[in-house]
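Colleague: Sequence:
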Amino acid sequence: MYIVGYFLMAAAKVMDVVLLFFMWVVIARAVLSWVNPDPYNAIVRFINNVTEPVLYPIRSKLPIHYGGIDFSPIIVFLIVIFLRTFVVNSLVRMAASLI
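Under UniProt numbering, the residue at position 37 of the sequence shown is numbered 37, and the numbers go up by one with no gaps.
Treat each hint with caution, since some may be false.
[As the list claims (entries may be wrong)] Here are the simulated distance ranges between beta carbons:
1) Ile3 - Val31: 38 to 44 Å
2) Leu62 - Ala10: 44 to 50 Å
3) Val92 - Ala42: 33 to 39 Å
4) Tyr2 - Gly68: 50 to 56 Å
5) Ala10 - Ile43: 17 to 23 Å
6) Asn48 - Phe71: 28 to 34 Å
7) Pro39 - Ile79: 46 to 52 Å
8) Val44 - Phe77: 32 to 38 Å
9) Phe71 - Tyr6: 16 to 22 Å
10) Lys13 - Val44: 25 to 31 Å
11) Ala42 - Thr85: 20 to 26 Å
12) Ser60 - Gly5: 39 to 45 Å
13) Arg93 - Val35: 39 to 45 Å
14) Ser90 - Glu52: 25 to 31 Å
The set of hints was computed from the structure by calculation and includes no laboratory data. Every residue gets a Cβ at the ideal spot worked out from N, C-alpha and C, and that includes glycine.
Could you build the full structure based on these sequences and the hints that come with them?
Modeller: Now the structure itself:
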């Protein structure tokens, strides 16, 4: 069973790193929304392509737009923090019990 434990430990670590990277991309998207970036820049297009599939459904269901402020990055940020705290720690705990 220790192989399953190490697999879960590795999956938890990879998930933690991916979620951390995505959190930084969402922060970069929020910062880019304050300025007028070049839409043909490869980095700007990458950030938009990565975050838009997650931000658009939240934006469409969230009817609150106070003064043109988009609250969807904040909601995604909270979801990522929840996933990093709950799911990753649960996987680590389960892996520790199997090792």
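Colleague: Each of the hints needs a verdict: does it hold here or not?
Modeller: Hint check results:
1. Ile3 - Val31: 38 to 44 Å: For Val31 against Ile3, whose Cβ atoms are near 42 Å apart, the range 38 to 44 Å holds.
2. Leu62 - Ala10: 44 to 50 Å: Violated - the Cβ-Cβ distance for Leu62 and Ala10, about 35 Å, lies outside 44 to 50 Å.
3. Val92 - Ala42: 33 to 39 Å: Since Val92 and Ala42 have Cβ atoms about 35 Å apart, the given range 33 to 39 Å holds.
4. Tyr2 - Gly68: 50 to 56 Å: Cβ of Tyr2 to Cβ of Gly68: about 54 Å, so the range 50 to 56 Å holds.
5. Ala10 - Ile43: 17 to 23 Å: Given range 17 to 23 Å: violated, Cβ gap about 29 Å.
6. Asn48 - Phe71: 28 to 34 Å: 18 Å, violated
7. Pro39 - Ile79: 46 to 52 Å: 26 Å, violated
8. Val44 - Phe77: 32 to 38 Å: 20 Å, violated
9. Phe71 - Tyr6: 16 to 22 Å: 40 Å, violated
10. Lys13 - Val44: 25 to 31 Å: 30 Å, holds
11. Ala42 - Thr85: 20 to 26 Å: 33 Å, violated
12. Ser60 - Gly5: 39 to 45 Å: This hint holds: roughly 41 Å between Cβ atoms.
13. Arg93 - Val35: 39 to 45 Å: 42 Å, holds
14. Ser90 - Glu52: 25 to 31 Å: 29 Å, holds
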